[in-house]
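Asks: Sequence:
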Amino acid sequence: MTCCAHTLNLIATTDISKILDKNYIKISRSTFSKLSTFWNLLSRSTVASDKVYELCGCKFPVPILTRWNSMFHSAKKVINYKEKLSLVFESLQLKNLKTSEWVFLEEYCRVMVPIATATDKLQGEKKSFLGYVSPTILSLRRFQINFSNLVHCKPLSLSIIKSLEKRFEYIFDLSNHKSKSFILVSMSHPKFKSNWVPARFAEQCKQIFINECISLSVATLNLNSDYSDPGPESDGSDQEFYNNVQNKIPTDKLSESGEMKKHNLISAHALSFLNLKKKTDLNILNSFKFVSF
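So the number in this note's numbering is just where the residue sits in the sequence shown, counting from 1, plus 3.
No lab work stands behind these hints: they were computed from the structure. Hints are not guaranteed to be accurate.
Cut-off 20 Å, straight-line C-alpha distance, at most; resulting in silico cross-link-like pairs (PhoX-like, lysine-lysine) [unchecked claim]: (1) K21 to K194; (2) K21 to K209; (3) K194 to K183; (4) K25 to K101; (5) K157 to K169; (6) K194 to K165; (7) K124 to K85; (8) K169 to K194; (9) K85 to K37; (10) K157 to K79; (11) K169 to K29; (12) K21 to K54; (13) K209 to K194; (14) K37 to K25; (15) K157 to K183; (16) K181 to K157; (17) K54 to K98; (18) K80 to K98; (19) K25 to K62; (20) K29 to K101; (21) K98 to K79; (22) K98 to K37; (23) K37 to K101; (24) K101 to K124.
Label pairs and their calculated CB-CB ranges [as the list claims (entries may be wrong)]: (25) K101 to S184: 32 to 38 Å; (26) K165 to T49: 43 to 49 Å; (27) Q210 to H76: 16 to 22 Å; (28) N43 to V116: 23 to 29 Å; (29) N149 to A271: 52 to 58 Å.
From the three backbone atoms N, C-alpha and C, an ideal C-beta is built for every residue, glycine too.
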């Protein structure tokens with residue numbers, strides 16, 4: 004989880020810094036240059052800070068340059084007070100943002116909201132499960148694809164999409180050998196099950212899930228059948244204890260029909276979990292023992 008969140012941070016910093024579109028670079032630099040002047044003044048001057056509070060009724064966070072999400076949240080706060088800040092800039096004799104720069108800042112915040120949300124989810128303490136990774140990354144990409152009518156920040160959105168597909172290749176191509184563990188943990192999470200799986204991988208992922216349930220159940224049954232505590236001594240317990248020296252049919256000689264029935268039962272059990280309509284909490288896994296990987 005930490006690794007995936009770190010990867011998103013790299014996308015939001017290192018990868019975005021490599022955008023080559025000249026128009027994007029120009030308007031991004033001019034916009035954040037003006038905002039940096041404003042933020043620096045707030046951090047140095049209590050008079051300026053008091054004046055801003057007087058006009059806006061709130062304080063503005065000064066971003067930490069080494070943290071992209073700090074910059075994002077600071078920019079978002081500026082957008083929320085757009086009208087009042089025009090008066091603030093005039094009062095403090097700062098250069099106001101041009102109309103195009105305000106549009107850029109609004110688009111920047113729109114594009115960065117999903118990646119900030121995704122990072123928060125993957126870094127969260129209460130719901131930090133590996134099963135969140137695949138649905139979160141796929142949802143993040145879908146948000147970026149659905150952004151339309153971007154005047155200035157289309158290069159930003161495209162950069163995020165390209166980086167997601169490169170850095171999380173095993174999430175977008177679920178036939179990748181690295182994908183299996185991510186498929187299983189997400190499909191076994193009651194919140195997601197198979198709802199997140201792209202249509203072209205639906206049957207493949209369902210079969211991977213069912214096969215894993217079967218393998219897990221067989222391993223569990225074999226483990227439990229090795230030896231169990233006989234409890235109070237009785238004829239029945241003697242029979243159970245000494246039964247291991249009597250002639251038994253080897254496991255690999257079990258009838259094919261018996262094995263098939265067992266596999267069919269487990270498959271039905273797994274499918275009934277995937278077909279649950281409600282998004283239930285993790286306690287539901289107590290009713291589906293072979294789904295709890």
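Asks: If a hint holds in the structure, say so; if it doesn't, say that too.
Replies: Now for the hints, and whether the structure bears them out:
1. K21 to K194: It is violated: about 36 Å lies between the C-alpha atoms, which goes past 20 Å.
2. K21 to K209: violated, 39 Å
3. K194 to K183: holds, 19 Å
4. K25 to K101: holds, 18 Å
5. K157 to K169: holds, 18 Å
6. K194 to K165: violated, 28 Å
7. K124 to K85: Measuring from Cα to Cα gives roughly 28 Å; hence the hint is violated.
8. K169 to K194: violated, 27 Å
9. K85 to K37: This hinted pair holds, its Cα atoms lying about 14 Å apart.
10. K157 to K79: holds, 18 Å
11. K169 to K29: Not OK: K169 and K29 at ~26 Å, beyond 20 Å, violated.
12. K21 to K54: Distance ~37 Å between K21 and K54 Cα, so the pair is violated.
13. K209 to K194: Given that 20 Å is the threshold and the Cα spacing comes to 16 Å, the pair holds.
14. K37 to K25: holds, 19 Å
15. K157 to K183: The hint is violated at about 33 Å.
16. K181 to K157: violated, 31 Å
17. K54 to K98: Given that 20 Å is the threshold and the Cα spacing comes to 16 Å, the pair holds.
18. K80 to K98: Holds: K80 and K98 sit about 18 Å apart, inside 20 Å.
19. K25 to K62: violated, 34 Å
20. K29 to K101: Holds, at roughly 13 Å.
21. K98 to K79: Within the cut-off at roughly 19 Å; holds.
22. K98 to K37: holds, 7 Å
23. K37 to K101: Holds, at about 10 Å.
24. K101 to K124: violated, 34 Å
25. K101 to S184: 32 to 38 Å: Violated, since K101 and S184 (Cβ atoms, about 49 Å apart) do not stay within the stated range.
26. K165 to T49: 43 to 49 Å: Given range 43 to 49 Å: holds, Cβ gap about 44 Å.
27. Q210 to H76: 16 to 22 Å: Taking Cβ atoms as reference, Q210 and H76 lie about 43 Å apart, which means the hint is violated.
28. N43 to V116: 23 to 29 Å: This hint holds: roughly 25 Å between Cβ atoms.
29. N149 to A271: 52 to 58 Å: For N149 and A271 the Cβ distance comes to about 37 Å; the hint is violated.
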